[in-house]
Each structure stands twice: as C-alpha cells, then as structure tokens.
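A.B. asks: Protein chains in written order, with my numbering: chain H, 1 to 130; chain X, 1 to 254.
Just so you know, not all the hints are guaranteed correct.
Pairwise CB distance ranges (calculated) [to be verified]:
{"hint": "1", "chain 1": "H", "residue 1": "V90", "chain 2": "X", "residue 2": "A130", "range": "36 to 46 Å"}
{"hint": "2", "chain 1": "X", "residue 1": "I119", "chain 2": "H", "residue 2": "V94", "range": "40 to 50 Å"}
{"hint": "3", "chain 1": "H", "residue 1": "Y53", "chain 2": "X", "residue 2": "R183", "range": "40 to 50 Å"}
List of simulated lysine to any residue pairs, SDA-like, C-alpha gap at most 25 Å [to be verified]:
{"hint": "4", "chain 1": "H", "residue 1": "K33", "chain 2": "H", "residue 2": "I102"}
{"hint": "5", "chain 1": "H", "residue 1": "K32", "chain 2": "H", "residue 2": "A6"}
{"hint": "6", "chain 1": "H", "residue 1": "K33", "chain 2": "X", "residue 2": "K31"}
{"hint": "7", "chain 1": "H", "residue 1": "K123", "chain 2": "X", "residue 2": "T121"}
{"hint": "8", "chain 1": "X", "residue 1": "K196", "chain 2": "H", "residue 2": "L83"}
{"hint": "9", "chain 1": "H", "residue 1": "K32", "chain 2": "H", "residue 2": "Y53"}
{"hint": "10", "chain 1": "X", "residue 1": "K5", "chain 2": "H", "residue 2": "M40"}
{"hint": "11", "chain 1": "H", "residue 1": "K123", "chain 2": "X", "residue 2": "V20"}
{"hint": "12", "chain 1": "H", "residue 1": "K33", "chain 2": "X", "residue 2": "K196"}
{"hint": "13", "chain 1": "X", "residue 1": "K31", "chain 2": "H", "residue 2": "V44"}
{"hint": "14", "chain 1": "X", "residue 1": "K196", "chain 2": "H", "residue 2": "N29"}
{"hint": "15", "chain 1": "H", "residue 1": "K130", "chain 2": "H", "residue 2": "I102"}
{"hint": "16", "chain 1": "X", "residue 1": "K5", "chain 2": "H", "residue 2": "R126"}
{"hint": "17", "chain 1": "X", "residue 1": "K31", "chain 2": "H", "residue 2": "I19"}
{"hint": "18", "chain 1": "X", "residue 1": "K31", "chain 2": "H", "residue 2": "L21"}
{"hint": "19", "chain 1": "H", "residue 1": "K123", "chain 2": "X", "residue 2": "G251"}
{"hint": "20", "chain 1": "X", "residue 1": "K5", "chain 2": "H", "residue 2": "I114"}
{"hint": "21", "chain 1": "X", "residue 1": "K3", "chain 2": "H", "residue 2": "L83"}
{"hint": "22", "chain 1": "H", "residue 1": "K28", "chain 2": "X", "residue 2": "K31"}
{"hint": "23", "chain 1": "X", "residue 1": "K31", "chain 2": "H", "residue 2": "M40"}
{"hint": "24", "chain 1": "H", "residue 1": "K32", "chain 2": "X", "residue 2": "F91"}
{"hint": "25", "chain 1": "H", "residue 1": "K33", "chain 2": "X", "residue 2": "Y10"}
{"hint": "26", "chain 1": "X", "residue 1": "K31", "chain 2": "H", "residue 2": "F5"}
{"hint": "27", "chain 1": "X", "residue 1": "K31", "chain 2": "H", "residue 2": "A50"}
{"hint": "28", "chain 1": "X", "residue 1": "K5", "chain 2": "H", "residue 2": "L121"}
{"hint": "29", "chain 1": "H", "residue 1": "K32", "chain 2": "H", "residue 2": "K130"}
{"hint": "30", "chain 1": "H", "residue 1": "K33", "chain 2": "X", "residue 2": "I19"}
{"hint": "31", "chain 1": "X", "residue 1": "K3", "chain 2": "H", "residue 2": "M40"}
{"hint": "32", "chain 1": "X", "residue 1": "K5", "chain 2": "H", "residue 2": "E55"}
{"hint": "33", "chain 1": "H", "residue 1": "K28", "chain 2": "X", "residue 2": "V16"}
{"hint": "34", "chain 1": "H", "residue 1": "K32", "chain 2": "X", "residue 2": "K31"}
{"hint": "35", "chain 1": "X", "residue 1": "K3", "chain 2": "H", "residue 2": "Y45"}
No wet-lab data here; the hints were simulated from the structure.
We put the CB at the ideal spot given by N, CA and C, even for glycine.
One letter stands for each residue in the lines below.
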Amino acid sequence: MSVFFANLPEYAAMILFGIGLSNLMLAKNLVKKIIGLNIMDTSVYLFLAAKGYVENSVAPIVSASDLGHIEHTLYTNPVPAGLVLTGIVVSVSVTAVLLSLIVRLNEEFHTLDIDEIIHILRKRDREDLK
Amino acid sequence: MNKEKRDRLYAVLCTVLTIVFISVMLFTVEKMPDLGRADNPDINEVMEFYVEEGPEETGALNAVTGMILHYRAFDTLGESCVLFVSAVCVFILLRIDGEASNDTLVAIDRRYEPTDDPILTQTFKLLVPAVFMFGIYITMNGHLSPGGGFSGGAIIGAALLLFLNAYGLEKTERFMSSQLYRRVTTMALCFYAVAKSYTFYTGANGLDSFEGAGTPGNILSAGLILPLNICVAVVVSMTIYSMYIMIRKGGFNK
C-alpha cells in the first residue's frame with residue numbers, strides 16, 4: 001500500500017490515460033472523441049511532471065547570487081519540463097486541426113455523430129453505383 | 001449480426017481492451033522506482049549539467065528556459081513551426097473561397113456562438129490592458145522567472161481574443177489583418193532560424209560579444225534568449241488569434 005501512495009501521480013496518470021482512451025474509442029460524438037484525446041495528452045503531462053519531481057526541491061530557477069556554486073540536488077529536473085512544453089504545443093496544434101476538420105464535417109453532413117456520417121457516406125456510395 | 005448487437009460487442013471489446021491496457025500499465029508503474037527520490041535514474045548527469053552549468057553558460061537563471069532556448073533551440077524552432085503549420089492547415093480547411101466578399105464573411109460571423117453580452121463585454125474592457133501587460137511581463141522575464149515565450153504568447157493571444165470580444169470585429173481588424181499575420185509570423189520565424197543557425201554554424205559560440213553582455217538577473221542579459229522568447233511569443237499569440245478568427249468566421253477581413 002505504501003508503494004501505491006508513493007507513486008500516486010503515476011497511477012493517476014495511467015488511469016486518466018485509460019479514461020481518455022476509452023472515451024476516444026466509445027464516444028459517438030466527434031467533439032467528445034477529441035476531449036478524450038486531450039485527457040490522454042494531459043495524463044502524459046502528469047506522468048512526465050511527476051517523473052521530474054525530487055522531494056524537498058524547488059523549481060530550477062536559481063538566484064543570481066548562487067551562480068558559480070549551484071547544488072543540483074536542491075532543484076527539480078528541468079528535462080521533463082521541456083518535454084511537457086513540446087507535448088502541449090503538439091496537442092494544441094492537433095486539437096486545432098481536428099476541430100477545424102469537424103467544423104467542415106458538420107457543414108457537409110449536419111451532424112457530429114460518426115456513425116451517422118458513415119451511414120450517409122455509405123448511402124451516397126450505393127447511389128453512385130446505381 | 002444486426003447493428004445493435006455489433007455496437008454492443010464493440011463497446012464490450014473496447015472496455016476489455018482499456019481494462020487490460022490499464023492493468024498492464026499499473027503493473028509496470030508498480031515496478032518503477034519511487035517518485036521523488038534523489039537517486040532515481042532520471043536524476044543523472046544530464047540534469048546535473050543543465051542545472052549546475054546551464055545558468056552560467058547561458059546567462060538565464062531559469063534553467064528550463066536556458067535549456068529549451070539555448071541548448072535545444074532547434075527543437076523549439078520546430079515547435080514554433082508546428083504551430084505555424086497547424087495554423088496554415090486550419091486556414092486551408094476553413095477558409096471561405098476567394099470570391100467571397102466582406103459582406104459574406106460578416107454574415108457568417110458567429111454562426112455557432114451567442115452574440116455580445118453587455119456584462120462580459122464591459123468586464124473584458126477592464127481586463128484587456130492588465131492581461132496584455134501580464135503576457136508581456138511573462139515573455140520578457142522568461143529567462144529570470146517562471147514563464148517564457150510559449151506561456152507569455154498564450155496569454156497575449158488570450159488578451160487579443162478578449163480585445164476582439166470587447167471592442168468588436170471592426171475595431172480589431174483595423175490592425176489584425178491577414179497581411180499583419182503573415183508578415184509578423186514569417187519575420188519572427190525567419191529571425192529565429194537565422195539567428196540560431198548562425199550561432200550553431202559558428203560552433204555554438206558565435207555572437208560572443210552579444211551573448212556575454214549583461215549581468216545575469218537583469219532583463220537585458222542571457223544573449224539571444226530574450227529575442228528568441230519574443231519571437232516565440234509572437235508566433236504563439238498570432239497562431240491562437242488566427243485559429244480563433246478562422247473558426248469564428250472563416251477568414252480575416254479583405
């Protein structure tokens with residue numbers, strides 16, 4: 001049990017990832033699918049941020065008077081912070097592109113339901129064949 | 001098999017897959033080293049170098065900023081380009097055809113949104129200057145305090161959206177045209193690429209007289225990091241604004 005509490009952020013990240021994944025697969029509404037994708041992204045940020053944490057340490061921002069004799073054990077790991085930054089940028093870009101695709105789909109089919117869109121497309125295909 | 005049965009089977013399979021996936025991941029996490037211990041494998045010489053040598057070499061007191069805008073500057077250039085490319089994709093997907101007149105663009109403005117609310121509009125008018133100033137502060141102090149180009153740019157982008165909703169489309173588009181967007185974003189990206197390419201070309205030691213200027217802790221220090229932060233902030237804020245305006249009405253004014 002003590003292991004569980006020591007690694008609580010990591011467990012939470014994994015469970016959040018699962019919630020996002022099931023939402024991505026099960027939701028019919030396209031916008032809800034994207035919300036699921038964003039939950040997955042967020043869980044990865046949580047995991048990375050947790051990995052960079054060191055107990056009893058502060059953010060890696062040194063004071064000017066410390067220059068020359070900085071102790072790295074006093075600060076958290078800056079590498080995961082840079083990785084999270086990259087992840088956020090990519091997630092924002094992907095979300096924007098997907099949302100604009102959804103706007104276009106909604107203009108074409110007047111629905112956000114993925115099943116209905118597939119149904120309409122199949123019907124169109126059958127009509128084209130005739 | 002009819003459609004309902006197939007849907008139910010799909011839902012059950014998805015749930016089973018998710019449960020199996022979460023179980024495997026939880027099992028893996030249980031085997032990982034405890035969080036927060038100073039002797040974890042990810043607290044290694046890389047982190048040690050970035051924290052102990054980084055502020056002295058780069059002049060940026062914020063080790064994260066020094067890392068992403070000095071040692072890994074090309075990675076950040078790539079991130080800015082990802083934002084730019086995604087903005088271009090949104091343009092391609094949502095742009096109203098070239099022949100559409102300004103009247104069409106105004107007519108389809110806010111098809112999916114409620115119109116102005118007086119309480120919100122007045123609150124935005126109060127908030128706009130403060131939010132702009134906060135965004136600029138975060139950008140300019142990126143090498144000294146938490147923040148930097150990405151967070152500052154996101155705040156400036158939010159301030160632009162607040163301005164748009166407070167003062168209306170007509171007043172905003174007097175200065176926020178597609179021409180401004182194109183020129184400013186391209187210039188910021190080009191300056192970033194040229195400046196950083198030059199320093200890398202000269203063995204990451206170029207611009208010595210410039211990079212070494214200023215005492216760490218002042219705003220004007222840390223060499224190229226401050227200009228690069230401003231470039232990143234410009235790209236991010238312009239991207240956020242352009243994405244909003246494309247989704248809202250399908251184009252800048254003509």
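A.B. asks: Evaluate each hint against the coordinates.
C.D. replies: So, going through the hints one by one against the coordinates:
1. H:V90 to X:A130: 36 to 46 Å: 30 Å Cβ-Cβ, so the 36 to 46 Å window is violated.
2. X:I119 to H:V94: 40 to 50 Å: violated (34 Å)
3. H:Y53 to X:R183: 40 to 50 Å: With a Cβ separation near 42 Å, H:Y53 and X:R183 satisfy 40 to 50 Å, so the hint holds.
4. H:K33 to H:I102: holds (11 Å)
5. H:K32 to H:A6: Not OK: H:K32 and H:A6 at ~33 Å, beyond 25 Å, violated.
6. H:K33 to X:K31: violated (31 Å)
7. H:K123 to X:T121: Distance ~46 Å between H:K123 and X:T121 Cα, so the pair is violated.
8. X:K196 to H:L83: holds (20 Å)
9. H:K32 to H:Y53: Given that 25 Å is the threshold and the Cα spacing comes to 32 Å, the pair is violated.
10. X:K5 to H:M40: violated (28 Å)
11. H:K123 to X:V20: Roughly 36 Å separates the two Cα atoms, so the pair is violated.
12. H:K33 to X:K196: violated (39 Å)
13. X:K31 to H:V44: holds (18 Å)
14. X:K196 to H:N29: violated (44 Å)
15. H:K130 to H:I102: Violated, at about 30 Å.
16. X:K5 to H:R126: holds (24 Å)
17. X:K31 to H:I19: holds (22 Å)
18. X:K31 to H:L21: Since the Cα atoms of X:K31 and H:L21 sit roughly 23 Å apart, the hinted pair holds (cutoff 25 Å).
19. H:K123 to X:G251: violated (33 Å)
20. X:K5 to H:I114: holds (18 Å)
21. X:K3 to H:L83: Outside the cut-off at roughly 43 Å; violated.
22. H:K28 to X:K31: violated (36 Å)
23. X:K31 to H:M40: holds (22 Å)
24. H:K32 to X:F91: holds (23 Å)
25. H:K33 to X:Y10: Holds. H:K33 to X:Y10 sits at ~16 Å (cutoff 25 Å).
26. X:K31 to H:F5: Holds, at about 14 Å.
27. X:K31 to H:A50: Holds, because 16 Å separates the two Cα atoms, which is no more than 25 Å.
28. X:K5 to H:L121: Distance ~22 Å between X:K5 and H:L121 Cα, so the pair holds.
29. H:K32 to H:K130: Not satisfied, since the Cα-Cα distance of roughly 36 Å exceeds 25 Å.
30. H:K33 to X:I19: Roughly 18 Å between the alpha carbons, so the hint for H:K33 and X:I19 holds.
31. X:K3 to H:M40: The hint is violated at about 29 Å.
32. X:K5 to H:E55: Between X:K5 and H:E55 the Cα gap is close to 52 Å, so the pair fails against 25 Å, i.e. violated.
33. H:K28 to X:V16: Distance ~18 Å between H:K28 and X:V16 Cα, so the pair holds.
34. H:K32 to X:K31: violated (33 Å)
35. X:K3 to H:Y45: violated (38 Å)
The structure fails hints 1, 2, 5, 6, 7, 9, 10, 11, 12, 14, 15, 19, 21, 22, 29, 31, 32, 34 and 35 (numbered hints given earlier, in ascending order).
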